[in-house]
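Visitor: Fit chain B to the known structure of chain A by using the hints.
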Amino acid sequence: MSTEKQLFTVSVYTENNIGLLNRISAIFQRRHINIESLNTSPSEIYGVSRFTIVVYMTEVNMKKIIGQIEKQVEVIKAYYHTEDETIYQVSGLFKIKSELLFEERQIQNIIKESNARIVTVNKQFFVLEKSGKREELKELHQKLSEFGIMQFTRSGRIAVTKDEMKISSLLENIKNN
Amino acid sequence: METQTIKQQQKATKTTERISGSEAIVRCLIEEGVDILYGYPGGAIMPVYDELYKYQDKIHHVLTRHEQGATHAAQGYARISGKVGVAMATSGPGATNLITGIADAQIDSTPMVCITGQVPSHLLGSDAFQETDIVGISTPVTKWNCQVTKAEDIPEALAKAFYIAKSGRPGPVLVDITKDAQFDEFDFSYEKCTKVRSYNPVPDTDISKVEEAAKLINGAKKPLIVWGQGVILGEAEEQLKAIVEKAGIPAAWTILGASAIPTSHPLNVGMVGMHGNYAPNILTNECDVLIAIGMRFDDRVTGSLDTYAKQAKVIHFEIDPAEIDKNVKTDVAVLGDAKTSLDLLLPLLNENSHKDWHQKFKDLYQIEYDKVIKNDLYPTKEGLTMAEVLKEINIQSEGKAAIVSDVGQHQMIACRYADFNVSKSNITSGGLGTMGFGLPAAIGAKMAAPEREVVSISGDGGYQMTIQELGTIFQQKAAVKVVVLNNDFLGMVRQWQQLFFDKRYASTEMVNPNFVAIAEGYYIKAKKVTKREELAEAVKEMMESKEAYFLEVCVEKEDNVFPMIPSGASVSDIRLE
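Chains A and B are the protein sequences, given in the same order. Heads up: the first sequence is residues 0 to 176, going by numbering that gives the first Met the number 0. Heads up: the second sequence is residues 0 to 576, going by numbering that gives the first Met the number 0.
Chain A extracted, bound-state conformation (with noise of 0.2 Å):
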């Protein structure tokens, strides 16, 4: 097992419970494990949501931390995956003078090259919305901020895996025992 450090994301399937975002940070808080984005939504399955966690640490570190993630009463299940065996985005927002996208030319053509989307315009500003790789984001960033930038915001990344996560078939057999 590799003891290089690496990124990983974790993926959290929990009851919806206050406190338990809590629970799980603790457990990296523990050993001084900074958690680089995170996300909680709700899953495939009604009723469980959802932790998509970002962390940079060491697989023999990750697996002891996954078996205390899953130690935890109200988690179902823990699983972590490397980023190759992931399919991720995370999105972001970009808000603008609306007097830039009608005088900077320049601005057109970085929207349509990124593919990113205008959500709004008014008089004042337009929002733009971009989804993909953080660095993706961090170029588009880079290109806007040379006219200015009003306000920037990220998202924590969002996950599935390639490989099935058997949670499905899990609760059915908790459900029948």
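Because the hints were derived from the structure by calculation, they are not lab data. This structure is a prediction, so every number in the text was calculated from the model and none was measured. Hints should not be assumed to be uniformly reliable.
To be verified - With a Cα cut of at most 35 Å, we get these calculated DSBU-like pairs of lysine-lysine: (1) A:Lys62 / B:Lys370; (2) A:Lys4 / B:Lys208; (3) B:Lys220 / B:Lys370; (4) B:Lys312 / B:Lys245; (5) A:Lys63 / B:Lys309; (6) B:Lys159 / B:Lys191; (7) B:Lys312 / A:Lys165; (8) A:Lys63 / B:Lys214; (9) A:Lys62 / B:Lys194.
Guide: Chain B in isolation, oriented as in the chain A frame:
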């Protein structure tokens, strides 16, 4: 589907009663078989105390002198009985005072349910009087916790709390209940919890893993068993003994595993770890198969992991999957509870005696006896040793007493020298090392098992951390035998200062009060012993007493506990002096 409809019908026809949330709490406790709980009243929990007053013929509330004492008493109750200990406190400082005991129960896997009162729900988050976020504070040290803000949610929360605390690898659970939820009325009915969807307390034992383990054990020339508290929690004492005897495997124990197999058993080769016995520590690094059963390779057991049992194949029997490969890499991991796994293992093992291998343990024991044990038990110097006191207690109790120790030198001596001939007899704070644990834990143990002799053994330091619980002993007439081994030092820290800090005794010397007078102040019979010739008689008098008894023994001031594995050293670098 069909079962579900039947269940729904049962629910519908189940008789309900309209009662308050606070009465429901007490009724839930009674439903869970709680006969004794420990706690301290205060504003936010008063409605529950009012109900405890009404139900006092059914459930006995013990007023401790501090909430920390309530948790340790609940722990002592749980550790000697195997049942869930219950502690109760009010919001704010009452709740925060529980934290040390909760953390202790978490790391030592003790089943405990803590119930705390909370400010009314409309005040939550407003920095109200005696409001603390106890759910947030206790999260990292509980197996599970929750806050209840509606009366009708109380039965389900408490049912879940008891189930989670007791099942699988046990642990502490905290339920925080707002005052309005205690006052509100609802239709009460109680159903015990038997399942939580996301929680799998006992993983299935994989028979193929048991077979792999058996193959390794049968092929071993120098096998060594190290068992832990998992054997006691899993009630697998008989199974372990059968395996040890059939396969002739020397078996050593961690501090919390003590008493699962009697001290006198010929294949019991003693304690592993920092102050454990010489032979099992040294031979950990010589065995060819290390069989760990219900233990977690704590750093105080393993010393340096880089040099721990590297030559051995490691088999780990464990209920908690998160413990596998956490500290020591295993070759065969057998998940499941100890009883099930060992039952499956026993018929697969060949009979063996491993005579030569066992002789090695005997030889090393002789070295330890000559260098350490003899001088501890039969000293030639004038000052009393701690071990002498344990020897007298062994004689008087015939090795049947439950020994409740605190933390420090006396704890190591108690574990090394007490005869543990009955399971669940070593009650001590192993993982957290909580000074002050002993006295209140002994109260809980004695109340849970009044038929047993319970001896609390503390040092002069830890004793004073919860000394106020003498008041609880007096009020409850709990016949606890309280021994203080007084060396006028925080002995273990002083020992380290002597060995590793050039004898700079920073803040370890204790100027102590008149302990006998304090005990007598609580109307407890008390005696102080300073000379060897008084010891046997004093211990006899204490053990024969029908009531609580306090015995102070003034021991040699600067004795050290040996053997010792220096912090971070290898188990085979264990020092005898």
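Visitor: Compare the structure with each hint and give your call.
Guide: So, going through the hints one by one against the coordinates:
For the given pair, lysine 62 of chain A sits about 44 Å from lysine 370 of chain B by alpha-carbon distance, which is inconsistent with the 35 Å threshold. Of the supplied pair hints, the one linking lysine 4 of chain A and lysine 208 of chain B holds, its CA atoms being roughly 31 Å apart against a limit of 35 Å. Taken as a hint, the lysine 220 of chain B and lysine 370 of chain B pair is honoured in the structure, with Cα atoms around 29 Å apart against an allowance of 35 Å. Proximity of lysine 312 of chain B to lysine 245 of chain B is assessed by CA-CA distance (about 20 Å); at most 35 Å being required, the pair is judged to hold.
Annotation: proposed proximity of lysine 63 of chain A to lysine 309 of chain B holds, straight-line Cα distance about 20 Å (limit 35 Å). Between lysine 159 of chain B and lysine 191 of chain B, the direct Cα distance comes to roughly 8 Å. Compliance with the 35 Å bound is thereby established for this hinted pair. Among the hinted pairs, lysine 312 of chain B with lysine 165 of chain A is consistent with the structure: their alpha-carbon atoms are about 32 Å apart, no more than 35 Å. For the hint linking lysine 63 of chain A to lysine 214 of chain B, the alpha-carbon distance of about 27 Å falls within 35 Å, and the restraint holds.
At most 35 Å may separate the alpha-carbon atoms for a hinted pair to count; lysine 62 of chain A and lysine 194 of chain B meet this at roughly 27 Å.
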